[in-house]
Amino acid sequence: MNLFDYLVDNWRTVLDLTIEHALIVLASVAVATAIGVGLAIAVYRHRTARELVLRATGLILTVPSLAMYAVLITIPALGIGATSVLVALSLYALMPIVRNTVTGLRGVDPSIVEAAQGMGMGRWQRLWRIEMPLAWPVVMTGIRVSLLLIVGIAALGSIINGPGLGELIFRGLSGAGRPFALPIALAGFFGVIVLAALLDAVFGLFARLTTSRGLR
Amino acid sequence: MTTTRDSEAMIRLEDLTKVFPGQKQPAVDHLTMEIPEGEIVVLVGPSGCGKTTTMKLINRIIEPTSGRIFIAGEDVTKKNPDQLRRGIGYVIQQIGLFPHMTIRENIATVPKMLKWPRERIDARVDELLETVGLDPARYRDRYPKELSGGQRQRVGVARALSADPPVMLMDEPFGAIDPITRERLQNEFLRVQEEIRKTIVFVTHDIDEAIKMGDRIAIMRSNSHIAQYDTPEAILSSPADDFVSDFIGSGASLKRLGLATVRDYELSDWPIARVGEDLAVLRQRLRESDERTLLLLDDENRPLRWLTAKELERDDVELGSAGLEVRARVEPTASLADALNEIVASRVGCAVVVDKRGAYLGIVDMTLIMTAAEEMRRVARERLRELAERGEVEPEEVSTP
Chain X
6 MNLFDYLVDN WRTVLDLTIE HALIVLASVA VATAIGVGLA IAVYRHRTAR
56 ELVLRATGLI LTVPSLAMYA VLITIPALGI GATSVLVALS LYALMPIVRN
106 TVTGLRGVDP SIVEAAQGMG MGRWQRLWRI EMPLAWPVVM TGIRVSLLLI
156 VGIAALGSII NGPGLGELIF RGLSGAGRPF ALPIALAGFF GVIVLAALLD
206 AVFGLFARLT TSRGLR
Chain S
19 MTTTRDSEAM IRLEDLTKVF PGQKQPAVDH LTMEIPEGEI VVLVGPSGCG
69 KTTTMKLINR IIEPTSGRIF IAGEDVTKKN PDQLRRGIGY VIQQIGLFPH
119 MTIRENIATV PKMLKWPRER IDARVDELLE TVGLDPARYR DRYPKELSGG
169 QRQRVGVARA LSADPPVMLM DEPFGAIDPI TRERLQNEFL RVQEEIRKTI
219 VFVTHDIDEA IKMGDRIAIM RSNSHIAQYD TPEAILSSPA DDFVSDFIGS
269 GASLKRLGLA TVRDYELSDW PIARVGEDLA VLRQRLRESD ERTLLLLDDE
319 NRPLRWLTAK ELERDDVELG SAGLEVRARV EPTASLADAL NEIVASRVGC
369 AVVVDKRGAY LGIVDMTLIM TAAEEMRRVA RERLRELAER GEVEPEEVST
419 P
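Taken in sequence, the protein lines are chains X and S. Each residue of the first sequence is one higher than the one before, counting from 6 in my numbering. Each residue of the second sequence is one higher than the one before, counting from 19 in my numbering.
Simulated from the structure, these hints should not be mistaken for laboratory data. Being a predicted model, the structure only gives us computed values, none of them experimental. All C-beta atoms in this analysis are idealised placements derived from N, C-alpha and C, irrespective of residue type, glycine included. Don't take every hint at face value.
As the list claims (entries may be wrong) - To be clear about the criterion: a stretch of chain X counts as covered by chain S if any three or more of its residues have a C-beta under 8 Å from a C-beta of chain S, and this derived list gives those stretches:
| # | segment |
| --- | --- |
| 1 | 18 to 24 |
| 2 | 111 to 117 |
| 3 | 171 to 177 |
| 4 | 213 to 219 |
Unchecked claim - Just a few of them, taken from the derived set where beta-carbon distance is under 10 Å, the chain S residues facing chain X:
| # | residue |
| --- | --- |
| 5 | Ile79 |
| 6 | Leu132 |
| 7 | Arg160 |
| 8 | Gly167 |
Using the sequences and the hints given, assemble the complete structure.
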């Protein structure tokens, strides 16, 4: 049996797993975006807080998934399954989003912000109408990097019975050496790559459409 | 210190002080100053003197440490700063257009915050683009990056004028623009100001720009201490002290001539010749005059040639091509500095003043320039004496000019 034969027989399973995979990735990145952008807005003006948050989110990325899950499943509210995976992936997705949002906001020309202030825009109006739209392309890039990163990391969620293509990879891994193992592992392998490419393309288009023509 | 008493003060700064945290010296030290309605007041001084800080205290981009700010009689020191700023036009050197918004959206920013209806905003945007010399249909929907530096500056001015604020603050608005465009924008802005008559606080480090733009100039030294606050003419004629003279630099007299226009002076007469007049009459006229030439005019009184006795000696002289061509012409609106330039360049030593159609009005010569300069000195002396009597300058300074 080769990969092609496997897909012909099991396309329905592979498609379901791919959709599950995409959903958990999108959900995690959405949570990370909400928290990450909020965190970035809270700290981008204060040096100490900014350094602290950037370092902390960076350190999260160095924790191996296995270790992360080992800790998360001991928390009663999370346990084994999708919830723990969602939390883990959201934590991993934070760093690129926080870092790019901070960079984007700090990169806004101060004279533009001063002009807005001089015209009577308050602190929040300046943030939403001037600073965020100008930082937007950089923020979008951060989210895009997170998406790609998380598509890969999400495969490991199957170790605690999480959703997604990881299941195929683990089945391939546990059956290593037997004839059916390789095609299954390859289906997981390529599934992750195709999904990553697809999400990246769609998100790239979204970023482009939501960026002002004056900034392109 | 000099304050203005002749017209209503639109902005009054009262004992205004700003001390930045961690600095011993105040950036602005007990400044009291009045800015009359409808005038351009230029704050000028060396870098670091506090002129920009002073300006930013007015719309409270920088909050004063102590003192009070009045605009149109209202104490705005404690007013909501955003409300305050929506009523004050603000133009900065970097312009600060919003790059993600169209020209229309940029100009509409304040009217939108003030919740104007859409039709009124649209009409206002077009009106303002016309005012600053940009075709609305062509530029309305463009983005700032699609405009040249000069055009962006025009949009910056239009945006500051959008909600028709009585007061405008301009911080080196033409500072980052090439000299030729700057000169044009300055002239255009003065033309616009003729109509809109805003009260404008204008900051620059360039004394020539201050002289050109200001109805009044406040020359500042360190900590925003005002060295002199007066009209450009008065500052040039009678600088209050050495700091002011040094700051004005060399050529103060020439700069002063740049502020006086030809039409304000009585022009000299010159012996005239007309095409077709009898040669004997012309010779007689030249002999009886104090001048060494006659000025030949055509049928419509337009100056043609300078004729000397030598050319008139020959009976077959063709008047229309004899002597020297009249090259140095100035209009009555020209400054004495322009006229002086023409005089120096001309071989006859004087400039002919002509009206719009080119018809002869009179002559500007060195005598007139020197008389004008003497008159300026006399006015300056009187002014200083007056100030000394009011106790506003030290009496010994009266003898300076």
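Comparing the hints with the structure gives:
Against chain S, the segment 18 to 24 of chain X contributes 0 residues with a C-beta closer than 8 Å to a partner C-beta. That does not satisfy the three-residue criterion, and the hint is violated. Only residues whose beta carbon comes within less than 8 Å of a beta carbon in chain S count, and the segment 111 to 117 of chain X has 3; three or more means the coverage holds. Counting residues of the segment 171 to 177 of chain X whose C-beta lies closer than 8 Å to any C-beta of chain S gives 0; at least three are required, and the coverage claim is violated. Counting residues of the segment 213 to 219 of chain X whose CB lies closer than 8 Å to any CB of chain S gives 3, so the stated coverage by that chain holds, three being the minimum.
For Ile79/S, the interface hint holds, the least distance from its beta-carbon to any beta-carbon of chain X being 6 Å, beneath 10 Å. Contact between Leu132/S and chain X, as hinted, is supported at the beta carbon level, the nearest pair being about 9 Å apart and thus within 10 Å. Because the closest C-beta pair between Arg160/S and chain X is about 9 Å apart, less than 10 Å, the hint holds. Below 10 Å, beta-carbon pairs count as interface contacts, and Gly167/S has none with chain X, the closest being about 14 Å; its hint is therefore violated.
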